[in-house]
Amino acid sequence: MTEFEPKIITFLCNWCSYGAADLAGVSRFQYPPNMRVIRVPCSGRISPKMVLAALRKGVDGIWVSGCHPGDCHYIEGNYYARRKFTLLKELLEFQGIEPGRIHFSWISSAEGVKFAQVANEVISEVKKLGPAKHFIKCAPKEIAAA
Amino acid sequence: MKILHIDKASWDKGVLKSGETYRLTGPVKDKDTHAFKNLNDGELPDMGYVETKMSPKALLFPRSEVMLTYSTNPHDGNCNIMKEASKAYPPRAVIGIRPFDAKAIQLVKLNFDTEEYKDPYWLKAYEACTFVGLAINQPSITDFSTSCNTGPFDETGLDVLVVDTGHGFLAKILSTKGQAWADAAGFNIEAGADAASKITAMKKEAEANIVSKISVDKIAGKTVLELFDAGHWEDTAFGCINCGTCTFACPTCWCFDIQDETYGTQGVRIKNWDSCMTGLFTMHGSGHNPREYPYQRTRQRFMHKLKYFMDKYQEGIMCVGCGRCIKQCPANIDIREICNTMNQ
Amino acid sequence: MINYTENIRKISGDLLKSGKVDVVIGYKKGTLPGINEPFLARTPEDAQKLVWDSQCRLNLANYLTNRKENVGIVAKGCDSRNIATHIIEHRVTREQVTVIGVPCTGMTDKNKLRELAGGEITALTEKDGIITVTSRHGEKTVEKQDLLQSNCANCLHRNPVINDIPCADPVPEINTARNDAEIKAIEAMSPADKWAFFEDLLSTCTRCYACKNACPLCYCPTCFVDESRPQWVGKGDDPIDVRTYHTLRAFHCAGRCTDCGACEAACPMNIKVRLLTGKMEKSCFERYGWEAGLNTEVRPALDTFTLHDPEEFIK
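Residue numbers (the working numbering), protein chains in the order written: chain A, 1 to 146; chain B, 1001 to 1344; chain C, 2001 to 2315.
Some hints here could point you the wrong way.
[As the list claims (entries may be wrong)] List of simulated lysine-lysine pairs, BS3-like, C-alpha gap at most 30 Å: (1) K141/A x K1037/B; (2) K49/A x K2144/C; (3) K1017/B x K1031/B; (4) K1204/B x K1124/B; (5) K1087/B x K1327/B; (6) K1177/B x K1037/B; (7) K2194/C x K49/A; (8) K49/A x K2272/C; (9) K1312/B x K1222/B; (10) K141/A x K1222/B.
It is worth saying that the hints were derived from the structure and are not from the lab.
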């Protein structure tokens, strides 16, 4: 049996973590290819609806990364994001999403090493949990029958 | 009309036996209420139930129903062609349905089974059903069914009317479908000569216990615009929060919304319950909404039930007086009061 | 309670007569025992129909949203906190609203009433904190205290926080700290059990949206459930769609919810939807010391921040 390779949706802030991913790449830092990156203008742009949309599509893990507090391109977007993520993570875990499926980090564009390191951490944690079990919107049985 | 006598022990046995021929559906305990559900093997309908929050309309008109399936994959032979979802409609016995709910199905039929349009999903499910009704001995204080051309012992739309006499059941066979079900259940002991008068007496007593009444005589005489433009609507509808509780609980509300859901290259077209209480119900593609304000939606519901329907079909009002909307409304919007206001 | 009603009528009548307000939002006697109907009084004569008792479960702040005229509004503690939230969120202006404050001793739980009656309630009376319900099975008399909705039993702010014209003297508070026992019990479950718990909890939901429509916080011109580009959630009764709806509803109320209990009282299927909003309020309180609607100055929890908000989970 082949090893489980999770699909992880990664929301990266354009001004920092997305650059860090680029830097990690050009610097040849290794991390497994389980990420599907979505570039966002700011971690504050991320709505819980987006996280739920990813879960509903059946992703195994979610990782959101933005600028360190104080470094936001829009001055304070990530401060609002921090509160939003806190509550969102608590609300999802309260309903049975396992801790370890949803990850957050602050990574500046100079931190290519940290990016690769966190990527490895996220992937290994999600791998440990196995495939996503909950919050997946499945096709109705009529499709399978068709 | 044949009337059978069934003692309570034979009833249980017979119902289970009919399950060999029919898929059985009936009221069962569901959390703090009762609900109409398909019965499992060996499960009996609860004939002592008082009410179900949701009406049994969902048996023929489910909350969400897949109608068609499709593929958008160009390599599929039937790419972009809608296919009817495959479904089975084995004979089904709906046991314990209340007379007003059976009457409601006849009203809904006016919409789903017309000369011009026939809803195949509703009709196939309908035709597969045998309705074994249970008369209401103790009407609720919100029951005004006798004002709505039905009543606690109404036989409209039923194949069998079962009356609980306390000692056993009297089952009045009303159609060949009903007879077939009774045969499948092995019910064949004819009741004594006094059974018919017993049912009539119980019916009279139950009807006398109905405390709620409405009257629509003046509504019939008024014009649509007179009722529509009446000054009271903003105040009448003030408390209404425009949720869908009344429309979903209502046995006669038939509106639906069609949605496509796509999963990769496969998809389904689904019929969902819709509610005139929501703004989206009338929202145009342009963004204009002819029912922009909440009170207009509330008005629509009552105008449809008490006026438009009456004028269009000449079959009375689109309400069977079950009282579900009155009991469940979070804001105490009471159709009886509104009917009174309209009927002044 | 009787003098509450009399005072509300008098205050409202005077307000309408003097022209200080154009309308008064309150309750009138319901058509069924155990429920009252929200009511808009336009004239001093209308004001004589206003009532107050322990069957006023909805949150009247919900009826205040986007009103343009000068409004008098009868408000219990939680309603007044939602009025404060409305003012912060610019749904109404402070000047426009005259709050007729009701020191609240709690609302009865509609399900406890039904269970007490043992069947359909045919009559209900309330006097001096004693409630008598009548059904076909006879009459039962119980102290109102034992019939309270759980949010009322755990209430921390029974007296209105905005109180222009009090209709009675303040009542003593009955609690000093949050009671999160129910939420903590869920938190202690394993993820699989938590999932199963909510699966069962929401299994009877019909998506009638009574919970969101009863909520004064839910005033968006287009709710996310109605958005179509993209469509975030399906329209049917698929359990994941139901769960998505309830999750996002709770999240949208986070830091704004006053735990008035209108959502739960409105739910025709008796789903404990407050467990989700309650979890959010617990988090806001524990992490940010935040309780919604206590004044008209401070922005709600998700609309503000501090430089050192807790972030132990962020890598």
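Taking the hints in turn, this is what the structure says about them:
no., hint, verdict
1, K141/A x K1037/B, "20 Å, holds"
2, K49/A x K2144/C, "41 Å, violated"
3, K1017/B x K1031/B, "27 Å, holds"
4, K1204/B x K1124/B, "36 Å, violated"
5, K1087/B x K1327/B, "35 Å, violated"
6, K1177/B x K1037/B, "21 Å, holds"
7, K2194/C x K49/A, "21 Å, holds"
8, K49/A x K2272/C, "23 Å, holds"
9, K1312/B x K1222/B, "14 Å, holds"
10, K141/A x K1222/B, "50 Å, violated"
Checked against the numbered hints given earlier, this structure breaks hints 2, 4, 5 and 10; the rest are met.
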